[in-house]
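Asks: Below, each chain spelled out in residue letters.
Number of protein chains: 2
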Amino acid sequence: MHKKLFIPGPVEVRPEVLAKMAEPMIGHRSKDASALQRRISDNMRKIFFTESEILISTTSGSGLMEGAIRCCTAKKAAVFSVGAFGKRWYEMAVSNNVQADLYEVEMGKAVDPEEVDKALATGEYDLVAVTHNETSTGIMNPIEEIGEIVKKYPEVVFIVDMVSSAAGSKVEVDKCGIDICITSTQKCIGLPPGMSICTFSEKARKRAEQVPNRGYYLDLLQLYKYIQKKDYQYPSTPSLSHMFALDYQLDYILNEEGLENRFARHKEMAKIVRDWAEKNFELYSDKNHLSNTVTNVKNTKNIDVSALNKALGERGFQISNGYGSLKDKTFRIAHMADCKVEDLKELLKNIDEILGL
Amino acid sequence: MHKKLFIPGPVEVRPEVLAKMAEPMIGHRSKDASALQRRISDNMRKIFFTESEILISTTSGSGLMEGAIRCCTAKKAAVFSVGAFGKRWYEMAVSNNVQADLYEVEMGKAVDPEEVDKALATGEYDLVAVTHNETSTGIMNPIEEIGEIVKKYPEVVFIVDMVSSAAGSKVEVDKCGIDICITSTQKCIGLPPGMSICTFSEKARKRAEQVPNRGYYLDLLQLYKYIQKKDYQYPSTPSLSHMFALDYQLDYILNEEGLENRFARHKEMAKIVRDWAEKNFELYSDKNHLSNTVTNVKNTKNIDVSALNKALGERGFQISNGYGSLKDKTFRIAHMADCKVEDLKELLKNIDEILGL
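First to last, the sequence lines map onto chains A and B. Note that the UniProt record's numbering gives residue 162 to position 162 of the first sequence, counting from 1, and the numbers run on in steps of one. Note that the UniProt record's numbering gives residue 13 to position 13 of the second sequence, counting from 1, and the numbers run on in steps of one.
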């Protein structure tokens with residue numbers, strides 16, 4: 001039996017979108033491929049509220065995250081982490097011999113913009129990396145406020161991981177001063193995993209020009225130059241199936257559901273899960289910075305999370321246990337992509353029945 | 001109208017395989033995901049005739065090529081190039097600050113194993129990179145003979161690009177002493193583009209342990225360690241759609257068509273196109289080293305290749321012009337993946353009609 005996914009990616013994908021994954025191939029050096037890729041870029045600009053160029057990579061979000069921190073740090077990167085995916089930026093820097101410092105926040109808390117200010121005021125850094133939505137803890141960082149701080153430091157390139165929030169939570173990339181904003185297909189966009197997308201500002205481009213040894217496949221500057229020269233075609237063969245599905249889904253998001261409606265639906269779903277969690281358990285994370293796309297529930301009743309998930313599986317649902325060290329201490333319910341309010345309510349009803357709540 | 005692709009990737013994909021690309025998602029940290037990925041690895045070992053571990057990457061073939069040359073060169077790499085994709089190895093090394101020398105062969109010729117011997121005899125190199133099948137020129141390098149030479153140098157890691165030949169042309173990886181053999185889904189395997197696969201020998205693993213700054217997403221050693229620890233699950237979310245389709249197609253290749261039959265069909269198709277080319281044009285490449293998966297035809301009649309492709313397009317077919325500087329001097333017909341002999345004959349018949357041959 002298929003299990004409806006309420007995990008923070010991969011998400012449940014609409015049958016119409018899945019059908020697009022099965023379209024026959026076209027040549028990736030054809031005019032049709034150029035038009036397809038240009039259309040995706042134009043629509044992704046709307047999702048991100050940006051005038052910057054869009055780059056597409058046949059990788060998971062981690063691919064473009066690595067590309068961003070490696071290509072755009074000339075001096076030193078300041079990585080602000082609130083969980084596993086924040087720390088990943090730092091590991092990426094270190095593994096590429098890119099100078100970086102890790103600023104870690106206590107689990108379940110958000111980044112304090114003042115701490116960003118203090119770090120950047122040292123003058124040591126020319127790049128700052130922040131996670132917008134941290135799925136390991138259920139925190140959504142105050143990215144607008146952090147953006148206001150970063151704007152005070154014109155030499156600093158601002159890179160943001162919006163892997164699990166883009167198209168689900170509103171962040172206006174240009175207004176926030178974000179130079180590289182990264183997402184991937186298998187979260188709020190509502191596609192299968194396998195492709196990632198980012199914005200690439202003029203400032204990021206100029207910085208990359210100064211950085212040697214940017215590598216090949218994840219070199220954002222090479223991608224940028226290539227698509228300018230080759231009418232939006234990419235150096236390597238991209239995942240055309242994802243392109244077909246993404247093109248279709250972006251049209252749906254922008255012209256059928258509407259972006260603001262989509263953001264509102266994510267907020268509504270978040271509220272439902274939070275209310276349920278507060279009634280029956282507790283919220284794990286700082287209430288001022290709760291994620292709109294995934295809720296991390298503190299396991300105050302000490303339930304057996306694996307047993308719950310097994311019972312849910314028999315009913316056709318799947319949620320997530322806590323991440324890493326939180327494995328049994330929390331459980332996570334994702335409410336992202338094309339999940340409907342009714343689907344979510346049905347999930348919660350089933351949990352109530354299983355746990356006798 | 002859909003155009004049947006006779007270009008050297010993406011290829012025509014069987015409808016049954018396309019349907020698998022549209023399967024609903026599963027959690028990538030589930031037991032089902034582990035079983036799926038383990039099964040793919042087991043079957044890929046049969047395709048490659050190897051006992052080595054298999055690594056899977058959500059990238060095009062270039063991703064794993066870069067990972068291989070970066071992770072496994074401690075001293076200096078010798079890159080033997082017979083065309084555009086051979087040169088790419090070298091560009092990848094340079095862009096990662098990996099020491100490398102480029103040995104280029106005249107266009108249309110194959111690598112001479114004696115030249116490999118001469119280069120390795122200098123003692124300068126600890127890695128040698130070779131393309132098995134070069135789609136830009138239509139050359140298939142004598143990989144077994146090169147392998148015999150490399151075996152004389154036990155400190156040298158042997159990495160081979162089989163992107164456009166694996167599952168279409170027989171190369172026994174272990175017998176040839178290949179440490180990392182790379183392919184991707186959109187060529188002879190017969191899937192859409194978006195995933196690449198390689199073998200990873202003990203020798204390659206030991207070498208990578210000595211190489212610092214291997215990066216993150218394309219670090220083959222990290223992938224290797226992760227799948228050992230996590231029961232064949234990968235550090236980042238992989239393209240599950242490609243996994244579903246690959247799993248299905250490997251079963252078809254191994255248990256329905258049969259690998260030897262598949263190799264034989266590729267040889268038969270190559271012969272048909274070569275005979276046709278020799279009757280009407282000339283073969284571009286050295287006749288002793290012709291590719292079994294793509295034929296590069298010398299445009300001796302000075303036909304307008306774009307016009308031919310346009311006319312073919314109206315009949316539902318697509319072939320390739322020459323690559324790069326060969327653009328109008330040659331044209332290429334690919335005969336790979338699940339292309340049937342009858343399909344190929346129909347293509348040639350249509351070319352005959354259009355050109356009045």
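Honestly, I wouldn't trust all of these hints.
Since copy identity is lost for identical chains, a pair holds within one copy or between any two.
For lysine-lysine, the following DSSO-like pairs were computed, each having C-alpha atoms within a straight-line distance of at most 30 angstroms [unchecked claim]: (1) Lys340 x Lys152; (2) Lys349 x Lys225; (3) Lys206 x Lys87; (4) Lys151 x Lys175; (5) Lys225 x Lys76; (6) Lys118 x Lys310; (7) Lys203 x Lys310; (8) Lys151 x Lys279; (9) Lys267 x Lys203; (10) Lys175 x Lys271; (11) Lys4 x Lys229; (12) Lys267 x Lys76; (13) Lys327 x Lys206; (14) Lys87 x Lys345; (15) Lys46 x Lys301; (16) Lys76 x Lys287; (17) Lys279 x Lys31; (18) Lys279 x Lys4; (19) Lys75 x Lys310; (20) Lys46 x Lys310; (21) Lys267 x Lys229; (22) Lys151 x Lys298; (23) Lys4 x Lys151; (24) Lys310 x Lys225; (25) Lys118 x Lys4; (26) Lys340 x Lys230; (27) Lys4 x Lys76; (28) Lys76 x Lys349; (29) Lys203 x Lys287.
Just so you know, the hints here were simulated from the structure itself, not pulled from any lab data. If you're wondering where the values come from, they're calculated on a predicted model, not measured in any experiment.
Asks: Have a look at Lys4 and Lys151 and pick one of within, between, both or neither, based on CA distance no larger than 30 angstroms.
Replies: For Lys4 and Lys151, neither the intra-copy (42 angstroms) nor the inter-copy (52 angstroms) Cα distance is at most 30 angstroms.
Asks: How would you classify Lys327 and Lys206 at a CA-CA limit of 30 angstroms: within, between, both, or neither?
Replies: Neither. Shortest intra-copy (42 angstroms) and inter-copy (33 angstroms) distances fail the 30 angstroms Cα cut-off.
Asks: Since the copies are identical, ignore which copy is meant and state whether Lys4 and Lys76 lie within 30 angstroms (CA to CA) inside a copy, between copies, both or neither.
Replies: Neither. Shortest intra-copy (43 angstroms) and inter-copy (50 angstroms) distances fail the 30 angstroms Cα cut-off.
Asks: My question is about Lys76 and Lys349: at a cut-off of 30 angstroms on alpha-carbon distance, are they close within one copy, between copies, both, or neither?
Replies: neither (49 angstroms within a copy, 62 angstroms between copies)
Asks: Check Lys340 against Lys152 for me: Cα-Cα at most 30 angstroms, and say if that holds within a copy, between copies, both or neither.
Replies: So Lys340 and Lys152 fail the 30 angstroms test inside a copy (41 angstroms) and across (63 angstroms) alike.
Asks: Since the copies are identical, ignore which copy is meant and state whether Lys76 and Lys287 lie within 30 angstroms (CA to CA) inside a copy, between copies, both or neither.
Replies: Neither. Shortest intra-copy (32 angstroms) and inter-copy (54 angstroms) distances fail the 30 angstroms Cα cut-off.
Asks: Have a look at Lys175 and Lys271 and pick one of within, between, both or neither, based on CA distance no larger than 30 angstroms.
Replies: within (26 angstroms within a copy, 60 angstroms between copies)
Asks: Between Lys267 and Lys76, at a C-alpha cutoff of 30 angstroms, which is it: within one copy, between copies, both, or neither?
Replies: Close neither inside one copy (36 angstroms) nor across copies (54 angstroms); limit 30 angstroms.
Asks: Pop the pair Lys46 and Lys301 into one bin, within, between, both or neither, using alpha-carbon distances up to 30 angstroms.
Replies: neither (43 angstroms within a copy, 49 angstroms between copies)
Asks: If the cutoff is 30 angstroms on CA atoms, where do Lys118 and Lys310 land: within, between, both or neither? Let me know, please.
Replies: neither (47 angstroms within a copy, 62 angstroms between copies)
Asks: Up to 30 angstroms between alpha-carbons, please classify Lys225 paired with Lys76: within, between, both or neither.
Replies: Both, since 25 angstroms and 29 angstroms are each at most 30 angstroms.
Asks: At 30 angstroms max between alpha carbons, let me know whether Lys151 reaches Lys175 within a copy, between copies, both or neither.
Replies: within (10 angstroms within a copy, 59 angstroms between copies)
Violation of the numbered hints given earlier is confined to hints 1, 2, 6, 7, 8, 9, 12, 13, 14, 15, 16, 17, 19, 20, 21, 22, 23, 25, 26, 27, 28 and 29; the remaining hints are satisfied by the structure.
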